[in-house]
Structure formats: structure tokens, C-alpha cells
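Residue numbers (this note's numbering), protein chains in the order written: chain A, 1 to 526; chain B, 1 to 526.
Derived by calculation from the structure, the hints in this document are not laboratory data. One or more hints might be untrue.
[As the list claims (entries may be wrong)] Under the rule of at most 25 Å between Cα atoms (straight-line distance), these lysine to any residue pairs were calculated in the SDA-like manner:
id, chain 1, residue 1, chain 2, residue 2
1, B, K58, A, T405
2, A, K58, B, A317
3, A, K179, A, T405
There are 2 protein chains.
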Amino acid sequence: MTQGKGPYFINLKVTFVMSKVASFISLGIISLDRNTGTPLHRQIYERLYEAIISGQLKPGTRLPSVRALAQELGISRNTAAKAYAQLLAEGYLESKVGSGTCVTSILPDDLLYSHPRPNGRAPSATQPEQFETRPCLSDRGQAIAQIPFLEHSPTQAFSPGLPAVDAFPFKLWEKLLVKCWRELPFNRLGYPNAKGHRSLREAVTGYLRAARGVRCTPEQIIITNGAQQAISLAVNVLLNPGDDAWVENPSYNGIKAALSNAQANIVPVPVDGEGFVVDEALARTSQARLAYISPSHQYPLGVTMSLARRLQLLQWAQESDGWILEDDYDSEYRYSGYPLAALQGLDKAGRVIYMGTFSKVLFPALRLGYMVVPPALIEPFRAARAHADRGASLLEQAVVARFITEGHFARHIRRMRTLYLQRQRTLVEAARVHLRGLLQVEPHDAGLHLIGWLPQGADDAQVSRRLAGHGIDMPPLSSYAIRPLARAGLVMGYTSMPEHKIIIGVKQMSPILAECLAGQQMQLSA
Amino acid sequence: MTQGKGPYFINLKVTFVMSKVASFISLGIISLDRNTGTPLHRQIYERLYEAIISGQLKPGTRLPSVRALAQELGISRNTAAKAYAQLLAEGYLESKVGSGTCVTSILPDDLLYSHPRPNGRAPSATQPEQFETRPCLSDRGQAIAQIPFLEHSPTQAFSPGLPAVDAFPFKLWEKLLVKCWRELPFNRLGYPNAKGHRSLREAVTGYLRAARGVRCTPEQIIITNGAQQAISLAVNVLLNPGDDAWVENPSYNGIKAALSNAQANIVPVPVDGEGFVVDEALARTSQARLAYISPSHQYPLGVTMSLARRLQLLQWAQESDGWILEDDYDSEYRYSGYPLAALQGLDKAGRVIYMGTFSKVLFPALRLGYMVVPPALIEPFRAARAHADRGASLLEQAVVARFITEGHFARHIRRMRTLYLQRQRTLVEAARVHLRGLLQVEPHDAGLHLIGWLPQGADDAQVSRRLAGHGIDMPPLSSYAIRPLARAGLVMGYTSMPEHKIIIGVKQMSPILAECLAGQQMQLSA
Numbered sequence: 001m002t003q004g005k006g007p008y009f010i011n012l013k014v015t016f017v018m019s020k021v022a023s024f025i026s027l028g029i030i031s032l033d034r035n036t037g038t039p040l041h042r043q044i045y046e047r048l049y050e051a052i053i054s055g056q057l058k059p060g061t062r063l064p065s066v067r068a069l070a071q072e073l074g075i076s077r078n079t080a081a082k083a084y085a086q087l088l089a090e091g092y093l094e095s096k097v098g099s100g101t102c103v104t105s106i107l108p109d110d111l112l113y114s115h116p117r118p119n120g121r122a123p124s125a126t127q128p129e130q131f132e133t134r135p136c137l138s139d140r141g142q143a144i145a146q147i148p149f150l151e152h153s154p155t156q157a158f159s160p161g162l163p164a165v166d167a168f169p170f171k172l173w174e175k176l177l178v179k180c181w182r183e184l185p186f187n188r189l190g191y192p193n194a195k196g197h198r199s200l201r202e203a204v205t206g207y208l209r210a211a212r213g214v215r216c217t218p219e220q221i222i223i224t225n226g227a228q229q230a231i232s233l234a235v236n237v238l239l240n241p242g243d244d245a246w247v248e249n250p251s252y253n254g255i256k257a258a259l260s261n262a263q264a265n266i267v268p269v270p271v272d273g274e275g276f277v278v279d280e281a282l283a284r285t286s287q288a289r290l291a292y293i294s295p296s297h298q299y300p301l302g303v304t305m306s307l308a309r310r311l312q313l314l315q316w317a318q319e320s321d322g323w324i325l326e327d328d329y330d331s332e333y334r335y336s337g338y339p340l341a342a343l344q345g346l347d348k349a350g351r352v353i354y355m356g357t358f359s360k361v362l363f364p365a366l367r368l369g370y371m372v373v374p375p376a377l378i379e380p381f382r383a384a385r386a387h388a389d390r391g392a393s394l395l396e397q398a399v400v401a402r403f404i405t406e407g408h409f410a411r412h413i414r415r416m417r418t419l420y421l422q423r424q425r426t427l428v429e430a431a432r433v434h435l436r437g438l439l440q441v442e443p444h445d446a447g448l449h450l451i452g453w454l455p456q457g458a459d460d461a462q463v464s465r466r467l468a469g470h471g472i473d474m475p476p477l478s479s480y481a482i483r484p485l486a487r488a489g490l491v492m493g494y495t496s497m498p499e500h501k502i503i504i505g506v507k508q509m510s511p512i513l514a515e516c517l518a519g520q521q522m523q524l525s526a
Numbered sequence: 001m002t003q004g005k006g007p008y009f010i011n012l013k014v015t016f017v018m019s020k021v022a023s024f025i026s027l028g029i030i031s032l033d034r035n036t037g038t039p040l041h042r043q044i045y046e047r048l049y050e051a052i053i054s055g056q057l058k059p060g061t062r063l064p065s066v067r068a069l070a071q072e073l074g075i076s077r078n079t080a081a082k083a084y085a086q087l088l089a090e091g092y093l094e095s096k097v098g099s100g101t102c103v104t105s106i107l108p109d110d111l112l113y114s115h116p117r118p119n120g121r122a123p124s125a126t127q128p129e130q131f132e133t134r135p136c137l138s139d140r141g142q143a144i145a146q147i148p149f150l151e152h153s154p155t156q157a158f159s160p161g162l163p164a165v166d167a168f169p170f171k172l173w174e175k176l177l178v179k180c181w182r183e184l185p186f187n188r189l190g191y192p193n194a195k196g197h198r199s200l201r202e203a204v205t206g207y208l209r210a211a212r213g214v215r216c217t218p219e220q221i222i223i224t225n226g227a228q229q230a231i232s233l234a235v236n237v238l239l240n241p242g243d244d245a246w247v248e249n250p251s252y253n254g255i256k257a258a259l260s261n262a263q264a265n266i267v268p269v270p271v272d273g274e275g276f277v278v279d280e281a282l283a284r285t286s287q288a289r290l291a292y293i294s295p296s297h298q299y300p301l302g303v304t305m306s307l308a309r310r311l312q313l314l315q316w317a318q319e320s321d322g323w324i325l326e327d328d329y330d331s332e333y334r335y336s337g338y339p340l341a342a343l344q345g346l347d348k349a350g351r352v353i354y355m356g357t358f359s360k361v362l363f364p365a366l367r368l369g370y371m372v373v374p375p376a377l378i379e380p381f382r383a384a385r386a387h388a389d390r391g392a393s394l395l396e397q398a399v400v401a402r403f404i405t406e407g408h409f410a411r412h413i414r415r416m417r418t419l420y421l422q423r424q425r426t427l428v429e430a431a432r433v434h435l436r437g438l439l440q441v442e443p444h445d446a447g448l449h450l451i452g453w454l455p456q457g458a459d460d461a462q463v464s465r466r467l468a469g470h471g472i473d474m475p476p477l478s479s480y481a482i483r484p485l486a487r488a489g490l491v492m493g494y495t496s497m498p499e500h501k502i503i504i505g506v507k508q509m510s511p512i513l514a515e516c517l518a519g520q521q522m523q524l525s526a
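So here's chain A without its partners, still in its complex pose:
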């Protein structure tokens, strides 16, 4: 490093500046903008920082004195001194007696950006910098990146699992937001209770006991950021790598992601008219540690698990110290009779982890759900929840609690039941008229979606891709499968669409389906 005097930047080897110059301005390093809100000393700091980091100003380079800089830029000495002081404090400049202020010599050449930057500016604000990074992910990180993740949106037709966001009580919610925000004492703005806001845990307890036959107290409730977090927590707390877990086939894809992440073995179990086939499960592995089931309304097939099967599975859990993860994701929506009581209510050995979500009853962007854990698991789950992310945002928990206790929740569910039944009838009728021989759509007494059955042997993934090209989001049944399924079909959401759009959508898909199935030489047997 040359420490000699002479013109500033004598060591500068900046390829795009051919002449050796003595001023920042002619170097293009500093151009001040007096019209932005950024103070001048900050602008100088930023430009010099960039120039040093980018290699434009090399280690050892001598800088103008404070006085010279001030003069050159037409600023006060104080402003110039402030900028230097910051860079000195951060270690990018060093001050040596007799040789003034220099770029720190410890900056090794090869650690700095060697490629010249057009104007000493930071990289573009819209295009990420490109590095030749070897990602070196963990096995878990690699596995989870392989799991498909579908982002369903109400802007697409027939997206499954979405409530009628168009019929949400916006005004009422706004009132509750304001009310709850005003009511929150400021000392509640610290870290929240990791298990969830007390008022919400109480409200959920009341709801689950009355409406779902769940046996619980507020102590057993853990509020989660939606159902997926409940699944992740349960799998993480309960399963070791290599443990067997029974999963319904087909099933919600989120469980596969969680099990892959935990490096557990997924053991697919067939579903028949009575739900999860326990005998088949036991035949496939006697070592299972957990069963993931959706007994009220199997996802996505819609079957209800029979009492006999429920009892058989509970018996397995009790005898083998196994766990049952009961996903009760949309049981609020039953269009005839009452929702069936939860399996959890039958558990006399504390082996069931029950979970539900507000995504289907309120709206998914709220990101709130809950789980009910047996007493022996309260502490482990509280710890896992706390260490995962410290708990859920407080305000919206308070809003949901009020929404429930003031009776709006029950009213909203009743209104939605009527609306969804109407929308379902419209879909079934439109399909009967316009999709005859192409897609078989039967009415169903529960849930937020129907299965549109394709002819035996059809390639539902291909059909689904073709429809997606027309803005119709009906995932193939095969995308929920772990092992190949006997029948092909499409999962059709109807609850987030007004009736006229359902009819338009069905009419639109008719020629697409016809062409696609003709290409596959398939036809529904009448």
C-alpha cells in the first residue's frame, strides 16, 4: 500500500475512469441531491461506502481533507466531517498522523467487489444480485422445496378451500378491530402469551365444547398461525426421523410437507366409504407412531369416518401409545343435520391432538387456527410454539374472540351455510346440464368443495393443467395422492364464487373438458 503524498487517489485502478483525478465529483463518486430528504452528510457517507465496498476506492487510497472535501462539494466543514467520522467509526477509513485520512488498508482486495460498477451505485433495486452460490441446503431443506405448494386465490375460478370472502361482514370486522385496539392496555403490546390470548382460548373452548363435542379447557388450547402450523408443531414434537406415520390417501398436501420436514416415513392408508381403513393401516405397518386423519369430512374425498373405525383407531392409539392428529378443517359446514361430533370427544386416554382453523369460517389471510392437546402435552407444545415464533399477533386474536363471544361467529356460519348450499346446488345443476358425460358432480352434505369425477383411467393432471390455462383452478385428485388412486377427478371449490360465475365457469369448462377427454379417448359411462 503506497502511503506517499501527491494527488489523491494515486493508487486508484478504476478501469472505467482512465484519468487520474483529484476530485470526487469528476470521479462520479459523489453527486449530491439537495432535493431529497436525505441529509448531505448521509449522502456523502453512502457514496463513499459504496465506492469502498465496490473496490472503486482501493485500500490505502488517501482521501481529501475535510476542508478540501467541503470546498469541492460546496458544503460546510461540519457536514464533511460528519461523513468521515461515521466511516472512521465503522472502520472503513483510518486516520494516520502525517498522511491524513485513507481507506482502511486491512480491506483485502479479493474480499471486495472486483467488478466495476457503472456509477459506483448499489445494485439495482429490482433485480437481485447474482452470485454463484452453491446452495448447500440441509436434507430437510431440500426435501421441503420439492413438495408442491399451491397458492389458491379467490381471483381464480373454483379454487378449493376458500370461503365466500365477498360475503364477509367487513363493516362489523372494522368496528371490532377498532374496539379491540382501543381496549388493549398498552402493556399488552409486549410479547404475547405463546399459547394464545386468554380471551380467544376461552372463546374457542366454549365453541368446541358446544359445537364439536370436544372435551377441553382453555389450558389445553394452543392458538396457531393456521392449521399448517398446528400440523408442523405436532409432527415436530411427536415424531423422530424414521418414525412411521399413517396418512389418508388421498390427503391434504400440508401433512406430507410436515412429515418430510421431520424426516418421518409416510405410510399411505386407503380411504373407503367409512373413512380411514384401520385394518389396512395395521397391515402396512405395526410400528406407526401417528395417524393423521380428517374424520368429520375426509380431505379431499368428503367421507365421514364411521364410529366403528373411530373406536378402532382410538384403541390402537391407547394400546400402542400412538398419536391421532384429528384435522377438523371445515366441519362447520354441514348442510343437513348437525356437524358430527369430533373424534377427540371419544378419547379416554389422551392420545388425540385436535386441530381446526379460522381460514374456512372467517378468511385465510387472517392466519389463525387452534389445536387442543391432551394435558400431558400442554407443556411440550407450549415450549415448541414459543420457540417456533413466540406466538400469534395479539390484536386479531382479540377480534376473533369478540367475534365469537358476541355471537357473530355462529350467525356468520349460519349465513354461510345457506349461501354455500345455494352455491353448491347451482354447481351441481350447471354440471348436470353442461358437463354430462364429461364430469360427474354429485351433491354432498358437507364442506367447501365437491369432487368432479372423470372417466375411469383419465389423466386428471393433464385435464387440470388445461383448465388452469383458462383461469380455472381445479387441482387433480391425483395431486393429493401418495399412491395412485382408483379414480381420476378434479377438486372443485364453489363457496367463494357468486352463482352467476359458477354457471359461466361451468359453461366455459365444457368444451375444454370435451376436447381434453377426446384427446385421451375417455368418456364417462352414463
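Assemble the complex: chain A is given as a structure, and chain B must be docked to it using the hints.
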């Protein structure tokens, strides 16, 4: 199972009902409450369900006819029929030609609750049921339950890491809540973007580029539910079980929880006046895959990592394909000069994962933070975030974005800087006057806490416990340590306390410290 006729409940072996009786009412099974909102048929359903599940009504037990039940309870036949229909649908009752309606015979005795319940009611709504559950947690579940989790609260004195929630702009926030809620188009209420709301990612990008020298685009930002989730995601995506990870000693406890959960090896690295000692780190293991550091303001010691050390660590990362997790948790609060630029800005190889939180600048109950990942990691982190919990709640993301872009954020930070500096001065001065010889409290130019140094060899855990008994929450430095530290101390938050409370608190702790240290035969060397 007896199928014979005769009085109802002929098979009933309910120990606490000594007489064989023929009515639900005298059995105490059904007592209707006409004043609640619950419909009568629902009440009947619930009581019968409870009685069956609890074993009060045994399998095979014959029930009164609909007509008899209606008469007995003084209700309409329709109401009685509805209750039975639901239980028949759920499989708890069965209807046999010639023998009326009976409790399903498939309910095995030993699966039902064998212990009598005082009045056939569900278990208490406040006390969880007790099972003899063998918890059988996973190794991860067990490990994480061992990690201490401190819930700091603004209601305790000197709780560390809490902003001045008393000085939060409540009215403004309320306005933004309403504004953002009204602006959200209803079709945004579906599942949110897993990486975060676009407007917030853009606002964070602008802030980090200008204020922290972070090089990034909105594509690289991932909004998290606070810093802890960022840590969990990073550790999960990047580390395999058994991988070595360098952690500053002492350090934030959340990293230990995340690493335990990932079953990684924690390799503690000492911190000196220049921060993380890279040479020591390399001497302890040459196999590290990740370094967790807080270079701007080491937690909890407060040291700033020198430029030389930063470059040395970056060199390691580049040469070994290692990862640096930079936790920039409270760098907004620098009371002299500018906050030091982030280490991420020096990374030319895409090896730094940068993270920050809104807990310290806004409020912890918001549960929002962010991470900046190198381009090669965008997709793996997006997948991990999506599969962890589908993304953060939308509304409050929109509010924070507006808070930033409308300039409130920068203003709030400026206001808080002045306030915190004042509060810190009050603490230092009060300690100088009242804690002389007991606790050494020096001013510091950054952060939300100070270290109160105890005499060499003192037992800080004991002192901390003693203070906790008086509502003073100053965790011992040793509770942040992985290996024993050279000095004992207490971590003192001061930012969430008004000045008069700081003075009261300091006066209050003086005799407690004196007594405690006398007991330990310790004294500060003047």
C-alpha cells in the same frame, strides 16, 4: 347384550344411581334449560351423547320411544325426533325393528369412560381431564421443552428487549388499521403470499437499503412472524442433524432452541471487544456450517463487531460454503453517530442471511419480522415458509407498510431514540447514586438494555431470582451463556419504563442487592 323388552335401562349399571328407573329426568341425564340459546333438541343430543360416551348409558341400552321422551320432557315429538336422528346419524344409536332405539352395541365397554361422572356432564370447563398419558415425545420435542423460555412483560420492571409501548402512536395506528382494512380488496382475503405482502416487502427493501446498507430487492425479502421464526427457518433449511454451528457466547437463547430442534451441534465462540472471535471459532471446529452473529450490537453484551472480524468471517463463509446468520435485532437504536451498516452489505458471495424484527421498533405483540436471503435461497426459503404456516396475517403487514412509506416509521424511531437516551441516562445516573459498590452500570451508545456488572465471582442467577421475587425482571448474564462467562451481570431493560419508575426501581433493588451480595460475600472493587 340384552335385547329384551321391559323397563328402559334394564342393563344400566350406574353405581351412583342405585334404583332402576325409567326416566331420563329421574336419572339426572337430561335436565333442559329453556333460558339458554341452545335449542332443546341440541341439549337432549348433548346430554345423551355425554351419557353414552361416559358409560352412563351402556351399549345395547334401550331408549324411550320418541313419543315417550317427548311426553316425559314436555317437548314436541319433532324436537325429540331431531335429537335421536342426529345420534342415529352419528352411529351412537341404532334402530332395530321390533326393539326400538338402542345405544349402539358396537361400543366396546373398555373404550368408554368407566369412571362414573357425578351428573353425566362433561368434565369441568376449567380443569383439564387427567389421563395417565405416556407423553412419548420425539427427541426434538424433548430437547426443546428443556430450553428455558422467558416471557418478558412491560408490567415487570427492567424487562429487557421491550420498546416504550407507553409511547406508541395508538391513534395513528388505529387510523392506519381502518384505512388498510378498507383498502384491502376482498379477494386479497384468501391465502396470502407466503413470502409476505408485496407492499411490505418493498417498504422493507427501501428501509434496509437506505438505513442499513443491506443489498437487496423485494424478491429477497421474506416476512416472518418475528425474528424467532426467521432463525427457525434458517436453521431448518440450512443445517442437518449433527452439523456444527458457531454461536456467540453469551447469546440470544432463541438460537439455542432452534439449533436443538434441528439437532445441530452448538459450538460456543467467545466474544471480545471486537465481537465474535473468528480465530477462536476456527480453532474450535473447522467443520462449522453456520455462524449466528449479532454484529451491530452483540446480544446481550452490546459490542460492535469490527470490520476486520467481519471480513474474516465473510472469507470463511465464502471459502467453506458456510452460512452467516446476521441478527440485526435492535440496530435502529444508536444514540451517537449512525447505526453501523450491516455485514450483509459486504457479502459478495451470497452467504449471508440477514434478519430483523419490528418487535423493537413497533411492538412485540405485532409478531412481524423479516429476513433477506441470497438469491439462490429465495425458493427454498419460500417453500419452507409456505409449508411452515402459509405466511403472515395480511392486514397488519399492510399497516406496517403504510407506516413505513408514509414516513411515520422514521419519525417514530427518531422520537424513540431521544426518549430511550433519556431513559438510559436516568438509569445510569440512578445506579451511580444508589447502586455504588453493588452494580456497575455504564452508559452505552446503542440498544434497548444495559449490562449491570456484578462483582467478579458473584452468583448472578441467585441475585436475579431474588430480584424477581420483588417484581424486577433482570435476567442473569449466565442465563444467556453456553459456556461459563468470566464476569457475572444482569441484563437491564430500561426502554419500556418511564423515568420515575426507573428511579423507584433502582432504589428498590439497592437493599436487595446489598443483602444478596453480602450473603455471597461479594463486593465490587471500586
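Hint by hint, which ones does the structure fall short of? Of the numbered hints given earlier, the structure breaks just one, which is hint 1.
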